[in-house]
Every structure is written in C-alpha cells, then in structure tokens.
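Asker: Given chain A, work out where chain B with the ligands should sit, using these hints.
These protein sequences, in sequence, are chains A and B. When we follow this note's numbering, the leftmost residue of the first sequence carries the number 1, and every step to the right adds one. When we follow this note's numbering, the leftmost residue of the second sequence carries the number 1, and every step to the right adds one.
Since the hints were made in silico from the structure, they are not lab data. None of these values were measured; they are calculated from a predicted model. Hints may be right or wrong, so weigh each one.
Label-pair distances were calculated between CB atoms; the ranges are [unchecked claim]:
hint : chain 1 : residue 1 : chain 2 : residue 2 : range
1    : B       : L32       : A       : R114      : 21 to 31 Å
2    : B       : T138      : A       : F22       : 54 to 64 Å
3    : B       : I162      : A       : R11       : 50 to 60 Å
4    : B       : E8        : A       : R114      : 22 to 32 Å
5    : B       : T138      : A       : L200      : 37 to 47 Å
6    : A       : F22       : B       : D38       : 30 to 40 Å
7    : B       : W165      : A       : V167      : 46 to 56 Å
8    : B       : D38       : A       : L76       : 32 to 42 Å
9    : A       : T44       : B       : D99       : 33 to 43 Å
10   : A       : L76       : B       : D80       : 53 to 63 Å
11   : A       : Y27       : B       : G238      : 50 to 60 Å
12   : A       : F22       : B       : A23       : 36 to 46 Å
13   : A       : R11       : B       : L32       : 26 to 36 Å
14   : B       : E134      : A       : V237      : 21 to 31 Å
Quick reminder that beta carbons are idealized off the backbone N, C-alpha and C, glycines included.
So you can see what is in the structure, the chains are spelled out below.
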Amino acid sequence: MSNMKYLILRRITQIGLLVLYFGAHAYGWKMLSGTISSSSVLGTIPLSDPFAVLQMLAAGASLGLDVIVGAIIITLFYGIIGGRAFCSWVCPVNMVTDAAAWVRRKMLIDKIERKVWVTRNARYYMIAIALVVSAVAGFAAFEIVSPITIFNRGVIFGFGAGAGLLVAIFLLDLFVLKNAWCGHLCPLGGVHSLLGKYALLSVKHNSDNCTLCMKCKDVCPEVQVLNMIGKRSERVVQPECTNCGRCIDVCDDDALGFDILALGNKK
Amino acid sequence: MSTQKKPEITARRRFFTDTAHHAGLGLLGGLLWAGYADKARSSVLTLRPPAALPEADFLRTCIKCGLCAEACRNRDSNIDKETGKPRPETLKMAKADTDGVTVGTPYFVARDVPCYMCDDIPCVPACPTGALDEASVTNGEGELDFRKMDMGLAVVDTNSCIAFWGLQCDLCYRACPLMDEAIKLHYTRNSRTGKHAFLEPIVDMNVCTGCGLCEKACPTEKAAIFVLPREVALGRPGAHYVKGWDKKDQQRVGERKMENITTHDKRSEKKAADYLNDGVSYE
Ligand code: SF4
Ligand code: SF4
Ligand code: SF4
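Same shape as in the complex, but just chain A (with noise of 0.2 Å):
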C-alpha cells in the first residue's frame, strides 16, 4: 500500500472536507462552513475563492471586507506554501477526473493515439474569457458553470440536474483527451498554476536513482511539467504540478519527494 500514501490523503482531505461542509448545513457543525467559494472556519475566519472574488470584481461588484480578507488568506496559503495543491487536495472534481484517467489507463485508451490536440494554456485564455464575460455580464461568469462549485453544492444542498456537468467532465477526460479538464481547461486550475508559481513547497527529482520506468509519466496529470525525469536532479519548477504527490507514490526507485524550501535559499 506505500505505493498509495499520497493518493490514500488525498481522498482523506478531499472527503473530509465535503463531510465537514455536508455537517455544518445539516448538523450545525462549526468547523468550516460554506461552500469552497466561500468558508468560515469556526465561524470567524473567512476562506475564500480569489478567482471567484476576481470576477465578481470584474463584473463591478463591491465587497465587503470579509470575502477579500478570505481571498487574501487563501492567496497566500498556497502562494507561499501550497502551490497548486488546492487542485488535487481539495477540489472535489479532481476525483471525477483522477476515476477517468484511472479507467483510461486501465483500458489502455492513452496508447492508442488520438487526434486531438489542445493546447495545455487553453486555461490561462479560459481565465482571461471568464474575466471578460463577468464584465459584460455583470456578474461571476464561472460561477454559474463550474463544475467545481456545483459538485460542492450538489454535496451541501443536493446535486439536481448538476450531476450531469460532472458525468460530462468524466466522459470529456476518458474519450476526448487525456486530462482534458484539469489538464488543459479549467480556470480555476490556472489560477492556482499562477498563483502557487513560487511556492515552497514542490516535488524534486533525484536522477541518480531514476531507473527510467516511467510510472511516474504514466500518472502524472501534467506529464510537461516532469520533463527532468532521468536527465537532471531537480525540483519542478513548472506551476501546473499540483502536488498530488502521484509520481512520489508510483516510484519504486526513491528518485521522487517532497522537497520544502527554507525560505530564502530558493534556486
């Protein structure tokens, strides 16, 4: 099972906090209520979405200081610490993506070579759309399509008819491209990419015991993003990783870890 340590957290901290969301509506629970737009963690910290709080900026909204505080704080968190981990740690769609890409392999769909290509900055150009539509709109453009706040909610209050959005999304990542939500679409991802670009906390690749078996590759969302793997001992530098912590498991060679920065000694 060493081989799942990574991925065993990863559906504890993604459950757990659905559960914990699920509880403060029914039971009153305390915790952290909300939704992942927008928490409160004892009911005083606020936790917010910084890309939610940006296009409801760009659709000229004025807000009070509780959300941008929230915002703020989950900037930071991952800006400094987490890196793009909120993709793999806590998002509740990464496991309808994760199921997909674990059934293509299974049925060996990545082996057979399909024609479809779409550029993996599609998110940044998704990110740029959103902002213009909530302009025209006047209001949060992705709120009202992402499936990430909709699983969220269906989890809270009862799913309806957004069930279907995520049976699309598993459908698009296992018969149309590989990855193609996290990997190449979602705005909210690029978010995360851009704003966890520094961050200290990151995989690192040690070559000297690489064997070259490439399970890691084989697992990776972001294969672009390991293309050191057995020519140079180095960190991931690229912001899409999302510190799932996936090669780390798969490798059997110890050439993949977490590494943290001390701050200050970055290379």
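Answerer: What follows is chain B with the ligands alone, placed relative to chain A:
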C-alpha cells in the same frame, strides 16, 4: 501531377495563423458563454433573502457560499424542540435545474417555507460579501430590525380570497408577524345576506416585508395572498400625477421643468367636434 512546392510556412505566417486561431476560438467560446450567461439570470419573480441588494447588484455580489442558508437552517429558533433537529429552512440554494433562479444563489418559496422574520436576522450577518446588506435592516439605534426587511410585497387576489366572498377567514391576518399593521381587516357590509360583514384583508405596502407567512397560511388551494417582488407587484404613477395636497408626494416628483410639459398633441389641431365626429385614431 502538380510540381508546385508546398506553401512555405514561415515564422511570420505561423505567428499570424496561430494568433488568429487563438483569437477566433476565444471569441467563439466567449460568445457561447456570454449567451448562456444571459439565459442564466433569475426570473423577476425570484424572492431573495432578507436585506438582499437589488437583483442586478445581488447577482454580481453573491459568491454562492450558502452561509445565509446555513445560518437560516441552524438558527436556534429553527431547531425542533422534540427531535433536536433543524426543520426545513427558508433559504434554499438554487440547483442547476431550479426553475428561474441563477444556479447557486439563495432564494425562498414562501408557499413552501416562508421567512419567519427572526429577531436577530441570523442570515444577514452571515453573508461575507455584502450581498445581504446589514445596513438596510439596521435601525437608528444600530440594532438589526426585522421590520426593515423587504423581500417583496403581499398581494391579495380578491377573486379567490374567500374573505371577499363573505366566508369567515382571517388566517393571513393572524399569521402576519406584523399583525394589524401589514394586513388590516377592512369591514364592509355584505348586502347579499344583509346581516353579515366582509372582513377583507388589505395589505399596507409601507409595512409589509414580504415574509410570506400569510401566503403559507392561506387555506385556498393556490394561495389567494402571495408575495411578489416589489418591482413586479407595484405600479408607478410617474411624474405627471401629483398629490397636490401632499408635501411628501411633491418631493417624490421633484423639480419639474414646466416647459417640457404640454397638453398639446396632434389631436389638438382640430376642433373637438371635428375629431369626435371623425373618430379618433390613437397613434
Ligand atoms: S430572517 Fe427569514 S431568511 Fe433569515 S434566518 Fe430568519 S427565517 Fe431564515
Ligand atoms: S451568504 Fe451572501 S454571498 Fe453567501 S450565498 Fe448568501 S447572499 Fe450569497
Ligand atoms: S408578507 Fe404577509 S405576513 Fe408577511 S408582513 Fe407582509 S402581509 Fe404580513
């Protein structure tokens, strides 16, 4: 057979084609998205939580966190004393298939669960964004005051209200938290029986908060008293009708430019006798 060379893809050509490609796809996506966003707006009949900003501002300010709905559900007054569990809450969060309400935004359906006009209005301070505006329900003493809530306005359909038939019913009157203020009973003689009175519920628009307790209480199959957002429920007399005897109403109308007001129109060109004989066309 063609001996022509393949067109050469220069760096310049690639740059322009790529740029056009990205811009075009971006525009396509943006147009589809904006088109959908336009359809996603709530219907004008949606009832929002207490102290909600006007709809357009509400929609841009609410982050869809559900903290208001959570506060409403778990407020002390909503906990069933016997089971210790919360009763169904007033504020619901719209699902993708909730008719006419923007996904993820809070709303209530008065006939299902009305707003109980809590003393401490717990839903409002819970809001982190200001989409529920505490100031709008705060009185001069700086306290939250449920009398200042304004979710909508109760409207009576006098055709289906059985009190207007002469039957005895004052359920809405008694259900109203502002009893005898927001709904008053108007006594008129029932000339059909000659010895009874109609007890007609009349809503005072200056007092009613739109909580919907009356709509919930109404015994007719489909409520004969129901809450509508004020923009839907109310007309507007406009600046050309003024209560000349009322100082306040003159303020409403404000300073008017007399030179822009005229009673002269196309009809005035003929004599009254002529245009009445010719028949009038209103264009
Ligand atoms: S005031 Fe109305 S909406 Fe607010 S918590 Fe009380 S019942 Fe719910
Ligand atoms: S608490 Fe405020 S921001 Fe959150 S869902 Fe309710 S109205 Fe919207
Ligand atoms: S909605 Fe009905 S019950 Fe509520 S204040 Fe108005 S008249 Fe009274």
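Asker: Flag every earlier hint the structure violates by its number, smallest first.
Answerer: Hints 2, 10, 14 not satisfied by this model.
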